[in-house]
Amino acid sequence: MTPNPPCSSGACNGGGGNGNGGMNRRSFLRTSGVLASGIAALAASLAPLRDLTDYTSAAEFMQKHYKELSKDDMDKVLDRITREVEKQYAIRPHVKDYKPMDGVEFVYCLNLTRCIGCRKCVHACVAENNQSRDPEIQYIRVLKMPHGSFDMEKGDHNYSTPTVPEKGFFYMPVQCQQCKNPPCVKVCPVEATWQETDGITVIDYDWCIGCRYCEAACPYFARRFNWTKPSIPKDSINPEMSYLGNRPRKQGVMEKCHFCIQRTRAGKYPACLEVCPAGARKFGNILDPNSEVSYILRTKKVFVQLKEELGTSPRFFYYFDV
Amino acid sequence: MINATKNYFHFLWRCGRIAFVGDWRYYAWMGILSVIILLGINAYAKQFVHGLMVTGMSDQVSWGVYIANFTFIVGVAAAAAMLVIPVYIYDNKELHDLVIFGELLAVAAILMCLAFVTVDLGRPDRFWHLIPGIGKFNFPGSMLSWDVIVLNGYLLLNVHICGYLLYCRYQGRTPSKWFYIPFVFLAIGWAISIHTVTAFLYVGLGGRPFWNASIVGPRFLASAFTAGPAIIILALQVIRHVTDYRISDKALLTLRSIVQVSMLINVFLLFNEVFKEFYTRTSHVAASNYLYFGLHGFHALVPWIWTAILFNIVAMFILVLPMSKSLKYLNVACVLAIVGIWIEKGMGLVIPGFIPSPLGEMVEYTPSLNETLVCLGIWAFGLLAYTLFLRMSIPILQGRIAKSNEGASDDHLFAAGQKSDQTTASPHVTTTHI
Amino acid sequence: MNRNSNIALVGIAVAFLVLAAAFVFDLWGRTPATPPIPLVDKKFVDTSPSRVSIAEFLRKGGDPSDYECNICHEKNKPIKIKFDADNNIILPKEHLDIALSHGSHKRNNNCYNCHDEMNLELLQTRDGRQLKLVDSTPLCGSCHGPTYRDWEAGVHGRTSGFWDRGLGDYSRLGCASCHNPHSPKFPGREPAPGPHALHPIAKAPAHHESERTHE
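Protein chains in written order, with my numbering: chain A, 1 to 322; chain B, 1 to 434; chain C, 1 to 215.
Worth double-checking, as some hints may not be accurate.
To be verified - Have a look at the derived ranges for each label pair, beta carbon to beta carbon: (1) A:T113 x C:R51: 39 to 47 Å; (2) A:G168 x C:S65: 41 to 49 Å; (3) A:V304 x B:N212: 16 to 24 Å; (4) B:N212 x C:N113: 53 to 61 Å; (5) C:S48 x B:N212: 41 to 49 Å; (6) C:E94 x A:P162: 28 to 36 Å.
Just so you know, the hints here were simulated from the structure itself, not pulled from any lab data.
Quick caveat: nothing in here was measured; it's all calculated off a predicted structure.
C-beta: ideal position from N, C-alpha, C; glycine also.
Start from the sequences, fold in the hints, and give me the full structure.
And the structure:
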């Protein structure tokens, strides 16, 4: 093909250029015809948007970052969330913004000698924290590991033996390790996740943009993304809610274990601990020398902080009895 | 001042109109791209409604082809600097005007990058949280916030340089050096930075040993400076083919030597990485094992990565041998290098970082149809943008659209498209040179 | 007028319109429905202790007659325990529901290690203290010292309620709420369902599970 400068260049000020009105009109019609069909196709291509419901509201869209909300702002936000939950789940929730307590730093200790791998903690957590049931979001993953190794690549996530524990294996539940030096917080481009003074790393679900950089940064597979609109049966909603904790999430944002803020900041034990049939889970204030976790860190000998070499300094300790 | 603004808008108006004028090949090309873009928009609308569930991504593999393509294309954008360096630092006359084409490619590439990042967001409506000042910008903590700055900065720099040079050409005046030379040098440094920062996005993640390696940054640059100029070599030949814009073989061969050296470095760095992983065989070798050989019976990426390595090595041999002085072989080498690097830098870099998961779980990733359509749409959008930029800038560079022929403009532009059989330049068009 | 251009433009316009129709009727790219995930059985979120101790049973108003030993047994008249040739205890038919398996080497193969032979409604510790049946925990502690110490610190077994004792009460389960005193090894139980993948794989490598288990 020869170079055929499509005249395009305006170089061909062609013969018909002057005064051939008919041609120009035709060319105009032709162009507009193509443009009109193009615009029609563009409009039609947006047809899926007709299924869009409850995506966001003006108030939610304009809402400021958690740390910039005044008391009044927060009251309005909590009110909005209450109304939204009521509309969607036909239940009136108590949504509160629990603040960290002074002189409290939470620590979790998990006794690997005692854990039997029953996964009750996984489901108690789901129920307490209003996690999506389908698709499934779970904050706790229990690994079945062969005796003698701590190599998680040897772990089995999908074990389904008729009974647990199985001989020759130990079970290791993994959830957010509430690191002192959390990689997920560092990478968030919009400060939608941060560490609070009581050591809990929280997420402002109304600020997260869903880039999932934190999910890539987390060495513990602790963060979960709402790949689609979460679904929770109406009768399974836990109405005791917190802003930074278990209020229902929207599509497209991250979530993770927050040590059951709505329970622990009210002085209670987290849900995963309360359901553990083996008493393998221990939780408390490390700044209180009389707490169970202080006793454990004082008297037990061997602790494992998962992937200690990464310098994340987890507040989650695995230990052994015998 | 008002007059200057009016002039400028008139310039934009003329540029805009010419975008709709061309011969049938131009129409067919733009039509096909538009169709693909529309398919992409439709697919994205579905994703917007139903969430990223419609992609193949999961909590285990939380980034996929979107970020893979993003990573590759950042490299293409950065490579525009590889045209600028010989021109302004080594004063290479052959490439002088071609710099504009390189920078326009950078602009199109950055637009694609921004599109790829946007479609990857779970909450695109909250994009404004990323805007410094009104949002909450985690700078300098987050590498992603650095990336927002360097990408947009690079976009502005290139838009400024191209726009300024083209507008001067249009007006027939010599560009003031103070108005663009400092920006050109800034852009060179900036080009390196966009790709370094993008590499650091990955390198900074201690929990992902596959990425947490200091060689990732240098490899990013080496592969970018291979794939980018290779794309420019092909693009310039297309321009030469479909327009009467003159591009010398010498210019292409200058680019060849850039691709040649970069490819050698790229393959050398790849060898370094492979040696470190497989000679020591620490527990961190799992991801590389998965990529190159498969792990625990999962091996989706294995054929891809070996294709990429084969392509890269063949391209390297063609490039170092004198045969690539012939454009035919050079083109083969460029295509092989582009495809090879696209696989290796995209899927080959992003996906194995997630497999096995930090808890040792094996969950593979395959892009869904919807996700693929979105990607194709963005690629088509990038090509369309680049075509438009060239469509506007080539007549300006040739002097066919200039302030001096403003009066005769609009009707002729429309008429012109219908007269593709005419090739003679209009008598009252004066070609201006700077 | 250039014919080729016209054909191209008409072609594009037609393509646009066809595309528009296809979009409106959503002809492709529908997301495949994934198999629904069944709701998990409520028993897996039940927080009640793994067994009901006597204390708990009686507190809840259970029938106490099973624990009124002296209805059948006579006080101060110890019954002789019978053993077979292998030194296994032979339980009388009234007590066949008891599976005695406390400790290895059959060292606890004897009711009177814990029960007071003179008054079977009481327990006896090794140091001679007498305890009610519902207060078994210190009895266990008299042998299991370190575990008892941990239990007292709230570290062995579950401590429920409030970690912040200023805000509310806490409760600590006694030994018998989890361990059967006659057979204290923690019994196995059915695990709750495992995780469901977001995108269920049609064909997972079949040898995966076994390969990893045998590593």
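Hint-by-hint comparison with the structure:
| no. | hint | result |
| --- | --- | --- |
| 1 | A:T113 x C:R51: 39 to 47 Å | violated, 20 Å |
| 2 | A:G168 x C:S65: 41 to 49 Å | holds, 44 Å |
| 3 | A:V304 x B:N212: 16 to 24 Å | holds, 21 Å |
| 4 | B:N212 x C:N113: 53 to 61 Å | holds, 58 Å |
| 5 | C:S48 x B:N212: 41 to 49 Å | holds, 46 Å |
| 6 | C:E94 x A:P162: 28 to 36 Å | holds, 32 Å |
The structure fails hint 1 only (numbered hints given earlier).
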